[in-house]
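Based on the provided sequences and hints, a complete structural model is requested.
Each protein sequence line maps, in turn, to chains A and B.
As numbered in the UniProt record's numbering, residues 1 to 404 make up the first sequence, in order.
As numbered in the UniProt record's numbering, residues 1 to 404 make up the second sequence, in order.
Treat the hints with caution; some may be incorrect.
Repeated chains share a single entry, so a pair holds when one copy, or any two copies, can fit it.
No more than 30 Å apart at the CA atoms, straight line, and that leaves these computed lysine-lysine pairs for BS3-like [said to hold, decoys possible]:
hint, residue 1, residue 2
1, 5, 92
2, 403, 5
3, 280, 5
Hints listed in this document are in silico derivations from the structure and should not be mistaken for laboratory results.
2 protein chains.
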Amino acid sequence: MASGKILVAQGGGPTAVINQSLAGVVLEARRFRDVNRVYGAMHGVRGIVSEDLVDLTRETSQNLELVAATPSSALGSTRDKPDLAYCAEIFKVLRAHEIEQFYYIGGNDSSDTVRIVSEQAQAANYALRCIHIPKTIDNDLVGSDHTPGFPSAARFVAQAFAGANLDNAALPGVYVGVVMGRHAGFLTAASALGKKFPDDGPHLIYLPERVFSLDQFLADVKATYERYGRCVIAVSEGIHDASGEAIASLLAKEVERDAHGNVQLSGTGALADLLCDEIKAKLGIKRVRGDTFGYLQRSFIGCVSDVDQREAREVGEKAVQFAMWGARDGSVAIKRTGFYSVDYELLPLTTVAGKTRVMEDEFISASGTDVTDAFRMYLRPLLGSGMPDAFRLRPAPVAKILKR
Amino acid sequence: MASGKILVAQGGGPTAVINQSLAGVVLEARRFRDVNRVYGAMHGVRGIVSEDLVDLTRETSQNLELVAATPSSALGSTRDKPDLAYCAEIFKVLRAHEIEQFYYIGGNDSSDTVRIVSEQAQAANYALRCIHIPKTIDNDLVGSDHTPGFPSAARFVAQAFAGANLDNAALPGVYVGVVMGRHAGFLTAASALGKKFPDDGPHLIYLPERVFSLDQFLADVKATYERYGRCVIAVSEGIHDASGEAIASLLAKEVERDAHGNVQLSGTGALADLLCDEIKAKLGIKRVRGDTFGYLQRSFIGCVSDVDQREAREVGEKAVQFAMWGARDGSVAIKRTGFYSVDYELLPLTTVAGKTRVMEDEFISASGTDVTDAFRMYLRPLLGSGMPDAFRLRPAPVAKILKR
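Written out as structure tokens, the structure is:
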């Protein structure tokens with residue numbers, strides 16, 4: 001490299017391990033003698049355009065390790081989706097600073113940003129190596145076995161439902177937990193990993209991969225409540241009717257959309273409240289409670305999968321190796337090679353960019369309200385070591401004297 | 001003792017460590033040669049009346065230890081508040097089974113249940129030793145330095161806000177987190193322990209100990225947003241106007257009340273959504289998100305204070321010792337004796353029963369929207385060891401070339 005300058009940024013929703021990937025890029029890049037400077041852009045592509053850059057080469061490896069273990073995007077993030085004019089602005093700044101490699105850590109919107117920047121760079125005949133580093137709690141990137149950030153969020157969801165199930169067993173009623181996931185139900189499905197005993201919740205799981213019918217939902221809840229005297233339900237925020245309209249957005253008074261045209265689903269408890277109201281009104285069940293897990297599931301500090309941490313670090317390291325020793329732009333993907341081990345490959349950006357993976361049919365039960373053992377086998381190793389476990393008292397009834 | 005039979009039950013909202021107290025009673029009682037049987041009542045006093053008892057003497061100490069480490073009430077819980085007729089039914093069952101000691105693990109509603117049962121037993125000339133074992137995430141029992149269950153819930157809240165603050169810093173906007181606590185703001189105030197750097201959130205904390213004014217709230221948010229470009233807010237579900245009417249219940253279409261006459265505040269996202277709507281409408285801020293922590297804060301599996309675990313076990317053990325070697329009924333209380341150490345005492349039931357402690361003035365800042373260092377000193381040792389920590393990149397700006 002001539003200038004020896006590379007740049008890294010973080011886009012989209014933060015995760016518990018996105019800073020592992022950042023640290024992976026910085027520490028691995030600094031091992032290459034050709035690299036003189038590792039810059040970071042504040043708040044993703046927005047920080048490139050505004051020339052708001054920091055010199056990560058001046059950071060200590062000690063502090064980088066501590067930041068790596070801290071959730072959320074240390075460089076800040078953005079929801080901006082660059083168009084051609086935006087990209088022209090990006091090039092001006094990258095050129096001015098003689099940046100030769102651009103690493104962008106993000107989800108499918110961010111991978112599309114990398115694709116546009118890559119294509120614009122080629123069109124402008126600017127020698128820029130562009131690498132997308134995967135990150136999303138939604139697990140919806142095409143071409144990857146799974147994406148960094150998902151396992152830790154899945155662990156949070158599984159632990160949350162394991163606890164909610166215990167709470168619901170102590171004070172029986174209906175409990176609705178709404179989980180993030182606009183199109184892909186992976187994170188909602190992770191609730192199933194909170195189950196241990198056959199009568200544990202979640203008893204019902206509603207995914208965006210299946211059409212949601214309120215009547216069927218109420219029938220399912222009624223049947224479960226009659227069977228167990230209680231019912232724990234996991235619902236994806238992205239559930240929709242047969243026409244594809246999100247149940248949540250059908251209810252929202254004012255629909256908020258971001259720069260990508262996405263309706264705001266998180267940060268409101270409306271969906272949980274509506275479903276609870278329906279259950280109370282139509283089924284006459286008194287104790288009905290709804291929680292929306294909201295931002296806790298992607299930001300909670302202290303709930304992380306060690307497998308996720310390790311892999312998030314590795315996709316950052318591998319991104320640098322692909323850039324240094326390869327000859328093309330691309331998106332780093334995780335490939336499962338054993339039970340359990342992984343390897344990494346560089347996919348063409350067009351394979352990943354702007355596309356959305358949803359749950360495979362083999363992961364969803366025939367009823368549409370549960371997961372299969374194939375999904376449990378898929379997810380369990382990702383949750384990492386030290387998963388908390390729930391225990392019960394064993395039955396030892398005392399003989400009744402008054403025969404009540 | 002003649003029969004050698006004792007009975008233990010759990011009432012009110014579950015906590016992360018309530019089973020530690022159960023195990024404390026069972027394992028400590030079994031060390032006394034006078035004790036032949038330790039019975040548990042399923043779902044609190046309701047299980048006594050329905051004669052739904054289990055023999056905990058048949059449980060292994062190994063499984064008791066595993067159950068102790070599992071959150072939520074292993075015996076099940078109830079919201080029933082016994083009146084005189086209900087107590088007469090309790091006596092019939094206790095008499096029939098020759099129960100000589102009654103241990104009830106619960107909060108201030110449960111302590112009132114113990115008081116009534118104790119008084120009824122005396123009035124009926126029935127020799128029953130009644131001991132209340134404290135438990136509540138609200139920390140609102142009179143006479144205790146703090147109550148088992150609160151430290152673990154406080155740890156959850158502190159970790160949740162530490163993470164939400166990082167998320168909000170990455171994608172700036174306004175974040176409202178609603179925390180449990182009907183009359184006492186201790187748990188909401190615990191959000192302050194998630195702060196590390198001076199500009200970290202929560203920037204504003206609203207407690208039920210202070211009158212809530214929507215106009216002042218909006219002015220506070222506006223000032224904070226202008227100063228930091230973002231704002232993280234902790235709000236108690238119990239905030240109320242000058243007339244004492246809860247803001248949440250002012251909004252609820254249908255108000256649900258439990259047997260104690262309490263309005264349902266948890267299990268709905270209405271308060272967070274209303275406050276977010278007000279901020280969007282009145283302040284014109286676009287990115288406003290609200291989460292209601294709901295049942296996660298008392299049931300999440302895998303977020304527990306080791307100090308809380310230890311003390312919850314000890315109040316169970318001490319309850320048995322007070323019953324065996326003392327001569328009066330009472331409520332076990334935690335007394336702080338050092339920084340940090342505790343001892344236990346047995347308070348008269350009338351000191352605790354049905355009374356509510358709220359946050360002392362010395363714990364609340366003059367502004368009314370923050371806590372004092374006295375509160376930080378009070379709470380920090382309770383959170384236990386291994387609290388996750390957040391780290392930042394240190395500033396190292398790159399000189400601008402294009403001067404944007």
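Hint by hint, here is what the structure shows:
1. 5 x 92: The answer is within: 15 Å in one copy meets 30 Å, while 83 Å across copies does not.
2. 403 x 5: between (82 Å within a copy, 19 Å between copies)
3. 280 x 5: Answer is neither; intra-copy 61 Å and inter-copy 42 Å both fail.
When the structure is compared with the earlier hints, a violation turns up for hint 3 alone.
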